[in-house]
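**Student:** If you want the building blocks of each chain, they are given just below.
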Amino acid sequence: MIPQIFQTVPIEHFVYLSAVLFVIGVVGVLTRSNAIIIFMSVELMLNAVNLLLVSFSSYHQDPAGQIFVFFIMAVAAAEVAVGLAIITMIYRNTHSVDINDMSRLKG
Amino acid sequence: MMVLIILTAAGILAMFASVFNGRSVVLPVSLSGLFAAGYFALLEWNTNTTYFEAMRMDNFAIAFTVVCLFAAFVFLLLYHYMHYSSDVHYAEVISIILFSLAGVVVMVSFTSMLMLFLGIEILSLSLYILAGLKKKDLLSNEASLKYLLMGAFATGFLLFGIAMLYGATGSFMLSDIAYYLGLHKAVAEPFIVTGIIMLMIGLLFKVAAAPFHFWTPDVYQGAPTLVTGYMATVGKVAAFAALVRVFQLGFSPALETYQFLFAAVAVTTMFIGNITALYQKSVKRMLAYSSISHAGYMLIALMAANEVTNGAVLFYSIAYTLASLLAFAVVAILQQKSGSDEVSVFNGLSKSSPLMSITFAVAMLSLAGIPPTAGFFAKFYVFSAAISDGWVWITVLAIINSFISVYYYFAPVIASYMKKGNEEGIVLATPVKVLLAIIALLTLLIGLLPGSLSYLI
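Protein chains in written order, with our numbering: chain A, 44 to 150; chain B, 78 to 534.
It cannot be assumed that every hint is accurate.
[As the list claims (entries may be wrong)] In silico EDC-like pairs for lysine to aspartate or glutamate, Cα to Cα no more than 20 Å straight-line:
{"#": "1", "chain 1": "B", "residue 1": "K212", "chain 2": "B", "residue 2": "E266"}
{"#": "2", "chain 1": "B", "residue 1": "K213", "chain 2": "A", "residue 2": "D105"}
{"#": "3", "chain 1": "B", "residue 1": "K213", "chain 2": "B", "residue 2": "E266"}
{"#": "4", "chain 1": "B", "residue 1": "K212", "chain 2": "A", "residue 2": "D105"}
{"#": "5", "chain 1": "B", "residue 1": "K212", "chain 2": "B", "residue 2": "D253"}
{"#": "6", "chain 1": "B", "residue 1": "K358", "chain 2": "B", "residue 2": "E266"}
{"#": "7", "chain 1": "B", "residue 1": "K414", "chain 2": "B", "residue 2": "D164"}
{"#": "8", "chain 1": "B", "residue 1": "K496", "chain 2": "B", "residue 2": "E419"}
{"#": "9", "chain 1": "B", "residue 1": "K211", "chain 2": "A", "residue 2": "E55"}
{"#": "10", "chain 1": "B", "residue 1": "K213", "chain 2": "A", "residue 2": "D141"}
{"#": "11", "chain 1": "B", "residue 1": "K428", "chain 2": "B", "residue 2": "E333"}
{"#": "12", "chain 1": "B", "residue 1": "K262", "chain 2": "B", "residue 2": "E333"}
{"#": "13", "chain 1": "B", "residue 1": "K212", "chain 2": "A", "residue 2": "D141"}
{"#": "14", "chain 1": "B", "residue 1": "K213", "chain 2": "B", "residue 2": "D164"}
{"#": "15", "chain 1": "B", "residue 1": "K414", "chain 2": "B", "residue 2": "E333"}
No lab work stands behind these hints: they were computed from the structure. All figures in this text were calculated on a predicted structure; none of them were measured in a lab.
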């Protein structure tokens, strides 16, 4: 069902690749100031997880991991819909999507 | 399963009612949905029904479902009486609340990591929207965006943890993961260690424990006050139930290894929450820090990990939910009247509305953990769970924190009784009065007769 050919590549390579993608996402979230780019970085983190799940799924010969990926995709799409709506709402009010402009809440 | 179906159906009905000009049926539909959901949840008491090997309605799940349904009930009534005529999105807000409850039910009853993820996301997506409810208000916008970005970031960590655990164990089922972890030295495998730590980071974000709490004050302050009350009760209680469930059903063999991490998180959470709360001028922000510190107290119960943990966590959740609902309801009413959320709005409250000042005082006593309120026994059960497991030093620190918290909880109470302010009477709708009185009485009643509530699950 799941092609055996994947297993000729050691699992560590997939893990390293997704870990690197995930870290790029994390660094993006922490350093960028444009809300849209932060959002893209979050998506990158989720896609790194998808890659990880698919590769584990093929190594375990277990479809559950790939099913999980479909759920992540669906939820990520819902999150994008909500997220872009919120960003649009803010852009209408402030004409900016820079999170450094958003520091009205302070204690 | 009926609970989920009813909640979603009621949500969809409420949403469509507004399209067909049926604004007046929204509240009856949603309240009957809540009661039906509560009834069907309680029907499954002691049955341990399992659905598709992914959810199990055990007593733990049912108890937490009912607590959250009650909080939502209070929210819906308050929202109805405060915003029915002023908010054009009245029906949509109520349907989003009902959808978020579907997420809560999944979050407290999952037995598979997939359902954990879905439950958290259903609840969080609803809360992101609710935080940004006031579309023209920049503070609300900002709260919504911060919550969304931080929440999605935390979800990334949660998922990475789940993926690593799947890689190590080959399953998403909590029981399979627990079996694998019980094997010789499996706890120390690198995939498992990364998996559990990443998953912990993701969940601690959701319960707002230090050092992952920094989004909480901003979000709680910026969001509309009633919504903040909903987030602080339902959002926190459900996330905490999920955390307890993951560690009890899935990671019980590993708990010993991670106890120390929990201890460190609990202590920093309590200190950061309580000490920062001392400096707040805004009551909402003060309550946000107080909710952070309460996450710390609840973590102590989880860390103790013995047979009384579940009962202690449930009791704490009930006491915390009742008191927070009361506190946020009063702040929301005052904020609607005066437009401010500073401590000074409480000046002279005992003259202008004796009911609100007394219920708020009860809420603060309960949050501070002073007898004879529910909060006292909540802390008592948590601390005795910790001591019975040998965690004396952490209990001492927690008690010191309780003393610190008395200072800031009493500031608004003193303002309402001692200081002179606007003495013009505040008119409340009768159902709101009854609701406030009932919650305050429940808080006192549970405090006077803690009885068997903590042995329920």
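**Student:** All hints are to be evaluated individually against the structure, with a verdict given for each.
**Tutor:** Status of each hint after checking the structure:
For the proposed pair K212(B) and E266(B), the alpha carbon gap of about 48 Å is over 20 Å, so the pair is violated. Simply put, K213(B) and D105(A) have alpha-carbon atoms about 49 Å apart, too far for the 20 Å limit, and the pair is violated. With a C-alpha separation of about 51 Å, the suggested pairing of K213(B) with E266(B) is violated against the 20 Å cut-off. At most 20 Å may separate the alpha-carbon atoms for a hinted pair to count; K212(B) and D105(A) exceed this at roughly 45 Å.
A distance of roughly 45 Å separates the Cα atoms of K212(B) and D253(B); the hinted pair therefore is violated under the 20 Å criterion. With a CA separation close to 48 Å, the supplied pair K358(B) and E266(B) exceeds the 20 Å bound. With a C-alpha separation of about 16 Å, the suggested pairing of K414(B) with D164(B) holds against the 20 Å cut-off. For the suggested pair K496(B) and E419(B), the alpha carbons sit about 14 Å apart, so the restraint of at most 20 Å is met.
Restraint check for K211(B) and E55(A): not satisfied, since their Cα atoms lie roughly 48 Å apart, outside the 20 Å limit. The straight-line distance between the Cα atoms of K213(B) and D141(A) is roughly 18 Å, inside the 20 Å bound, and the hint therefore holds. Note on K428(B) and E333(B): the hinted pairing is violated, with a Cα-Cα distance of about 53 Å set against a maximum of 20 Å. At most 20 Å may separate the alpha-carbon atoms for a hinted pair to count; K262(B) and E333(B) meet this at roughly 13 Å.
With a CA separation close to 18 Å, the supplied pair K212(B) and D141(A) stays within the 20 Å bound. Between K213(B) and D164(B), the direct Cα distance comes to roughly 13 Å. Compliance with the 20 Å bound is thereby established for this hinted pair. Between the alpha carbons of K414(B) and E333(B) the distance comes to roughly 51 Å, so the proposed pair goes past 20 Å and is violated.
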